[in-house]
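As you go down the protein sequences, you meet chains A and B in turn.
Mapping to this note's numbering: the first sequence position 162 is 162, numbers consecutive.
Each number in this note's numbering corresponds to the 1-based position in the second sequence with 177 added.
Simulated from the structure, these hints should not be mistaken for laboratory data.
From the three backbone atoms N, C-alpha and C, an ideal C-beta is built for every residue, glycine too.
Each hint should be verified, as a subset may be incorrect.
What the hints assert, rightly or not - In silico lysine to any residue, SDA-like type, Cα no more than 25 Å apart, as pairs: (1) 32(A) / 503(B); (2) 601(B) / 697(B); (3) 705(B) / 62(A); (4) 705(B) / 59(A); (5) 705(B) / 765(B); (6) 32(A) / 619(B); (7) 601(B) / 32(A); (8) 601(B) / 544(B).
What the hints assert, rightly or not - One side only, chain A facing chain B, incomplete, derived with CB under 10 Å: (9) 68; (10) 72; (11) 74; (12) 85; (13) 89; (14) 95; (15) 113.
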Amino acid sequence: MKQRGALFLLLTLVVLVAALWSFLSLNAATHKTLDQRVQEVGAQLKCPVCQGESVADSPSLLAQQMRGSIRAQLQAGKSEQEVVQYFVNSYGPNIVWTPQWQGFTLLAWLVPIVLLLGGVGLLFLTLREWCASAPGSTNDDRQASSDDAELEPYRAQLEQELADEDVLFRHLGTEGR
Amino acid sequence: MYFSDLGTIALILAAGFALYTIFAAAWGAQRNMPLLVKSALRSTLAVTFFLLLASAALVVSFLIHDFGVRYVAEQSSLSMLWYYTAAAFYGGQEGSLLYWSLMLSVFAAIFVFTSRRAPAVMVPYSVATLMGIELFFLFMLTTVSSPFTRVPIAPLDGNGLNPLLLDPGMLVHPPMLLMGYMSFSLPFAFAIAALITGHLNNDWLRAIRRWTLASWTIQTTGLILGAWWAYHVLGWGGYWSWDPVENAALLPWLTATAFLHSTMVQERRGMLKVWNLVLVIASFALSIFGTFEVRSGVISSVHSFAYSDIGGYFLAFLVIVIVFSSGLFLFRLPKLRPEQEFDSVVSREGVFLLNNLLLVGIAFATLWGTIFPLISAAFRGQAVTVGPPFYNQVISPLLAVLILAMGIGPLLAWRRTSTRALWKNLCVPAIGAALCALILPLVGVTDVLANIGFAICAFTAGAILYELWRGVRVRHKHGENYLFALYMLFARYRQRYGGYLVHLGMVALVVGIIGSHFFQQQQDSVLKSGQEMSIAGYRFVYFGNIDMNQSDSETVISQVQIWHDGQLLRYIYPGRTMYHNFGNQPASLISITTSGLTDLYVYLDDWSGNTQATIRVFVNPLVPLVWYGGALMLLGGVICWWPQRRRVVSTATRPSPGAAEPPRPASIEDKEAIV
């Protein structure tokens, strides 16, 4: 009974959390400030004169000017994607900090994802095969209990010997069977 | 005769002995000639001796400022402090190769001294493999990349070390990381020996596990120190930028971590032998790949201190390693059959498989992102950038699942777990995590992704701590006080509880990463004397600049006060140092103030005269957790590794009354897991 109570409590909490998370994400999407949008676009662009910094992070003069330009374009009503495209047109595709979701660079994203999914599939198949070939895995409960009866004397002996060694096993030997 | 000549001679002799070891060990093992094998082991020690001699010769050349040696003139100068002068030993490519091979020979010597514990048939082949690797490095050192090359006319003063390297981090990070790369040779040598002899029993597994654990701990130290150094020196407010060189160091760490987990499956259940060998070989190949990448400069990186033309040799070596080990592998494949079958997916084996998939997935995504610019350049002739957002987006979901599995996995029993027992173990941490997710938005964490991340971390930390608590409580009920009970848990089940510590450290580290990724605040201000800026409740009052001239450099520091809640926290002095030999590259003196779990990271971006400065402030919440977590991981790694007194297994030694040897019931392991 106690277990069931805890389960219901957890389920209620999970529902609450899910509701909260979806509320927060909906809220965040609609309430983005201009600063946040500038930051987001800037984070997608690589600062051309720095080593390993994005336009959003770099303190360099050029990056400051680019941030200003992003701000102006966003204020003029362009979408984030259009602003990024503007910079690609003027600086070349190398300006984009991450590979884009189109053309050849799509491979950068797809290959790891496809391989990972393949790995999940392989894992699933392997596990299914192993389970299928494991003897008695279908009626495991009965099998296990008959095993138990057979092994009981050995277990008692082993536990007693282990209990001589360590206090934890003493406890275990008395509980839970 | 100069010390450098001594070094050259020592290197050549070391190469000779290495060559002898390979043949003597292999031949002696093949023909079963124990004396020949013994001579091979002794000659390994000779290699170690001559490499020690060569390294000593190089260090002495540095300390006596023998600028007739080209490498010494390139890497040091008269004005450098003695410990940086000595550390310049591994500051450049030739020296770091020498350091690599020195460490390899030292580890080989340790292996020789402890070889009685390893399975005897494998020792000669392991030594031969180690010396094979050593021979490659000695070949490089004596031909294309010798640190002892002399120039006809010695310059009066040397060039000096790159300013970025003149930092206490230089004394610890590169030697650790290079040692970490190197140490993957030992598990590799064990794997090769196992493939040649066909012996993969439990003794072998225990030996290779301990060496891998040592490598893992060293590599973890190297990575954490690297992150710490980057944080303290580079001035962009972060500690990890997914730079190709950083990725290269992470890759073998990931596969070694996967290996450490999947060996447990092999140890307990005799499964996954093939996969484990693949992981060991991959770790070594990736560490060679890392060295190749750092040295060759084929991929542009901020670590541009070490470019050279020897990348091709490393590539060739990498190809040899891969071809040789895959050939052996295919040859041995029929022998590597699993011994036991799988029972149920909801068992610890299943989670270990998931863990392996995730770790290898992360490793592959990182590798793919690192080499994708090369692929693009080769096929399309167009360079692309794969920056941090790519890695963040691909890897963070995998990491989240990994952390979750870290909480559930240790609670599952081997073979199979009843859902009821699992629920009993999981309900407390799960409810705790859900409450945490509900409370966090109230204290200002409104970002959903950060919230999910924190909730997962809370779950896993809760699961581990709850598990610890139950272990302690059981012992407490039997009359041990709590502290002693905790100590006994660690003393008795070192692997298991050491592993928990590593996991807890990892959770702390991830919390730190989430905090600094989502909640970093940053502000740049141009300030005149007396002006102030404020960010996140902290006020920074700027006073002025101080200019200091040293013989080889000039340092400018700004004096700034930090105020919080109307109280003066401290004075800070962020600054820049310009070394005359490296004029265009001012090294930064970053001021980091830790208040609670928040770092105030202040960087002097620019200045003019004595009364104006551009100050860059980052407020980095939770970053200290990255270091605490890293330290905890190290502690856990050392505890797992620490030699265990051989416990006499009572069932085996005592004459059992009545029956013969009792078969060890598998469920005793289940019980241990429930404890």
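Which hint numbers does the structure go against, in order from smallest to largest? 1, 2, 7, 8, 9, 10, 11, 12, 13
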